[in-house]
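Asker: Kindly produce the complete structure, drawing on both the sequences and the hints.
Note that the protein sequences, when read in sequence, are chains A and B. The working numbering puts the first residue of the first sequence at 1, with every later residue one more than the last. The working numbering puts the first residue of the second sequence at 1, with every later residue one more than the last.
Treat the hints loosely; a few may be bogus.
Stated by the list, open to error - Negatives, chain A to chain B, calculated, CB over 10 Å:
{"hint": "1", "residue": "Ala-10"}
{"hint": "2", "residue": "Leu-58"}
{"hint": "3", "residue": "Pro-116"}
{"hint": "4", "residue": "Asp-140"}
{"hint": "5", "residue": "Val-167"}
{"hint": "6", "residue": "Gly-182"}
{"hint": "7", "residue": "Arg-223"}
{"hint": "8", "residue": "Asp-226"}
{"hint": "9", "residue": "Ala-284"}
{"hint": "10", "residue": "Ser-288"}
{"hint": "11", "residue": "Lys-315"}
Claimed, not checked - Derived lysine-lysine pairs resembling BS3-like cross-links, with alpha carbons at most 25 Å apart:
{"hint": "12", "chain 1": "B", "residue 1": "Lys-267", "chain 2": "B", "residue 2": "Lys-315"}
{"hint": "13", "chain 1": "A", "residue 1": "Lys-120", "chain 2": "B", "residue 2": "Lys-187"}
{"hint": "14", "chain 1": "B", "residue 1": "Lys-62", "chain 2": "B", "residue 2": "Lys-196"}
{"hint": "15", "chain 1": "A", "residue 1": "Lys-115", "chain 2": "A", "residue 2": "Lys-315"}
{"hint": "16", "chain 1": "B", "residue 1": "Lys-120", "chain 2": "B", "residue 2": "Lys-62"}
{"hint": "17", "chain 1": "B", "residue 1": "Lys-120", "chain 2": "A", "residue 2": "Lys-187"}
No lab work stands behind these hints: they were computed from the structure. Keep in mind that this is a model prediction, so the values were computed, not measured. Backbone N, C-alpha and C fix where the C-beta goes; we use that ideal spot for every residue, glycine too.
If you want the building blocks of each chain, they are given just below.
Protein chains: 2
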Amino acid sequence: MTTGGKNNTATDAAFSARLAAVADAIEILLARLIDETPVAGERVRPPRLVVAMRHSALGGGKRLRPFLIAETAALFGVPEGRALMAGAALECLHCYSLVHDDLPSMDNDDLRRGKPTVHKAFDDATAILAGDALLTVAFDILARSETHPDAALRIALVSALARAAGVGGMAGGQMFDLAAEGRFGAKTTQDETSVKTLQAMKTGALIRFACKAGAILGGASPREHDALDTYGRVLGEAFQIADDLLDAEGDAATIGKRTSKDDAAGKVTLVSILGRDGARARLAALVSEATLALEPFGARGDILRATARFVADRKV
Amino acid sequence: MTTGGKNNTATDAAFSARLAAVADAIEILLARLIDETPVAGERVRPPRLVVAMRHSALGGGKRLRPFLIAETAALFGVPEGRALMAGAALECLHCYSLVHDDLPSMDNDDLRRGKPTVHKAFDDATAILAGDALLTVAFDILARSETHPDAALRIALVSALARAAGVGGMAGGQMFDLAAEGRFGAKTTQDETSVKTLQAMKTGALIRFACKAGAILGGASPREHDALDTYGRVLGEAFQIADDLLDAEGDAATIGKRTSKDDAAGKVTLVSILGRDGARARLAALVSEATLALEPFGARGDILRATARFVADRKV
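Answerer: What follows is the structure, encoded as structure tokens:
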């Protein structure tokens with residue numbers, strides 16, 4: 001068994017070391033990709049826009065999504081450089097969503113990862129364009145041969161990311177979230193099913209994509225693909241519940257962003273539906289489910305199992 | 001010769017018929033693609049977001065960019081359905097740029113194609129998300145096998161579009177444009193070279209991409225590729241000068257958007273640098289250059305020659 005207490009401690013340490021190593025590698029890679037994105041002909045890049053993109057994408061975050069690509073791809077022996085390229089693309093897309101969600105006309109947040117949000121550090125127009133440019137460069141990165149020599153496989157990544165991020169995924173989830181807050185008239189009625197759908201789209205879709213990307217890069221069998229898809233879906237659910245618990249219980253200084261937002265906004269979350277104890281029980285069940293999903297990979301899945309525990313227990 | 005007066009009249013009529021036919025086909029295809037974008041698993045699409053995307057993408061515009069893909073691809077006998085898919089993707093991306101540029105924190109426009117802009121018809125948050133979703137779906141569409149059966153070719157389109165639209169292309173051009181207006185402190189000094197660079201990025205890049213996309217879809221030789229790249233670059237310059245002349249001379253009721261904006265904003269354009277007569281002379285020279293660039297295609301390039309005349313002479 002791979003879930004015993006002593007082994008967990010050792011695996012958790014290995015997990016932490018890997019998470020930090022991937023974060024370091026992603027930081028270096030993102031800096032290079034943002035500074036050196038090739039341009040055609042006489043075109044140049046506006047320094048203010050590049051600096052705003054760097055402000056958003058560099059110097060922060062656990063880089064959990066790139067880590068998930070690296071770790072799922074590692075199950076198949078994919079060269080790490082390829083997984084990091086896909087991870088950098090995903091992180092650019094994730095950062096775009098943070099920049100746009102923080103805008104005054106969206107969630108109106110001033111603080112992100114302990115720093116001023118892009119529209120506070122710059123201005124609204126620059127933040128909109130920096131988000132647009134980060135979203136666009138994500139596809140630029142996926143299209144490069146450094147991500148994978150096989151174009152068919154790169155196209156599979158482009159397609160999967162576009163669907164995870166678009167109207168039926170993350171962007172649609174943000175729209176449902178604004179509607180649930182009553183931004184377009186009366187608050188939409190929220191029950192457990194609709195909250196789960198909203199969250200599966202708004203935050204779950206990119207986490208699920210990360211695990212799918214590892215399977216695509218690795219040329220996974222259908223069974224392995226399904227296993228990682230289940231793992232990614234369950235991990236996304238766990239991530240959001242942990243996030244809602246943090247919002248309810250954490251303080252801004254530790255977390256690096258505003259807390260108690262959900263309560264203040266009268267927002268329905270699984271924490272408000274299930275209660276804090278119920279939410280914690282759900283989290284534990286999801287960790288078990290994620291662990292079980294990794295069965296086809298045996299002990300090679302141990303770090304991903306530790307990832308599920310980390311996501312559920314995280315304090316920041 | 002293909003540039004004689006009598007032939008031009010016949011070719012201009014053929015051009016108009018083709019432009020209208022492509023616009024009709026694109027309208028139908030965009031409606032289908034926006035309504036039926038596949039979603040994964042339990043995900044659904046928020047109706048308000050879909051309606052906002054439709055508001056932006058349907059019912060308007062000459063569809064010049066899709067037409068350019070269709071017409072350059074036709075030089076190589078590419079099946080029209082493929083060119084239309086790439087054209088629909090490009091039109092989604094173009095529409096995203098209009099939605100975001102019209103926002104209050106950007107150009108603050110209320111009217112677009114004779115209709116309220118998306119943030120006026122809905123709200124700022126919906127407009128930001130509709131733009132994001134249109135940008136994302138553009139890459140979704142390019143990644144589909146309907147666009148071309150060969151994945152390597154689809155990846156070439158993804159890469160070229162991401163670079164045309166990103167920080168070194170359209171988004172960067174919009175940033176330079178805001179800086180030129182003095183939005184981030186003193187107005188940046190503008191001369192003919194910097195104005196041309198700004199415009200080559202802001203509006204030229206997508207027009208140039210359209211012509212490049214036809215060459216990619218058609219498996220063009222390097223010489224044909226260069227010819228269409230020159231044509232696209234020159235056409236983009238001509239398009240912008242014609243646009244600036246329209247802004248200086250046109251009226252809002254005919255054009256369907258606010259005019260005299262450049263003058264009111266004290267904006268430097270090639271019209272303000274060269275004067276109206278100088279700008280008209282420049283336009284004529286660009287039409288000649290575009291015509292000349294099509295030499296390798298002989299009479300097959302006649303409709304693209306008519307396109308250059310149309311772009312230079314257009315009144316709306």
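Asker: Next step is simple, just say for each hint if it's right about the structure.
Answerer: Structure-based check of all given hints:
no. : hint                   : verdict
1   : Ala-10                 : holds (35 Å)
2   : Leu-58                 : holds (15 Å)
3   : Pro-116                : holds (16 Å)
4   : Asp-140                : violated (4 Å)
5   : Val-167                : violated (4 Å)
6   : Gly-182                : holds (12 Å)
7   : Arg-223                : holds (18 Å)
8   : Asp-226                : holds (12 Å)
9   : Ala-284                : holds (23 Å)
10  : Ser-288                : holds (21 Å)
11  : Lys-315                : holds (30 Å)
12  : B:Lys-267 to B:Lys-315 : holds (21 Å)
13  : A:Lys-120 to B:Lys-187 : holds (21 Å)
14  : B:Lys-62 to B:Lys-196  : holds (24 Å)
15  : A:Lys-115 to A:Lys-315 : holds (18 Å)
16  : B:Lys-120 to B:Lys-62  : holds (22 Å)
17  : B:Lys-120 to A:Lys-187 : holds (21 Å)
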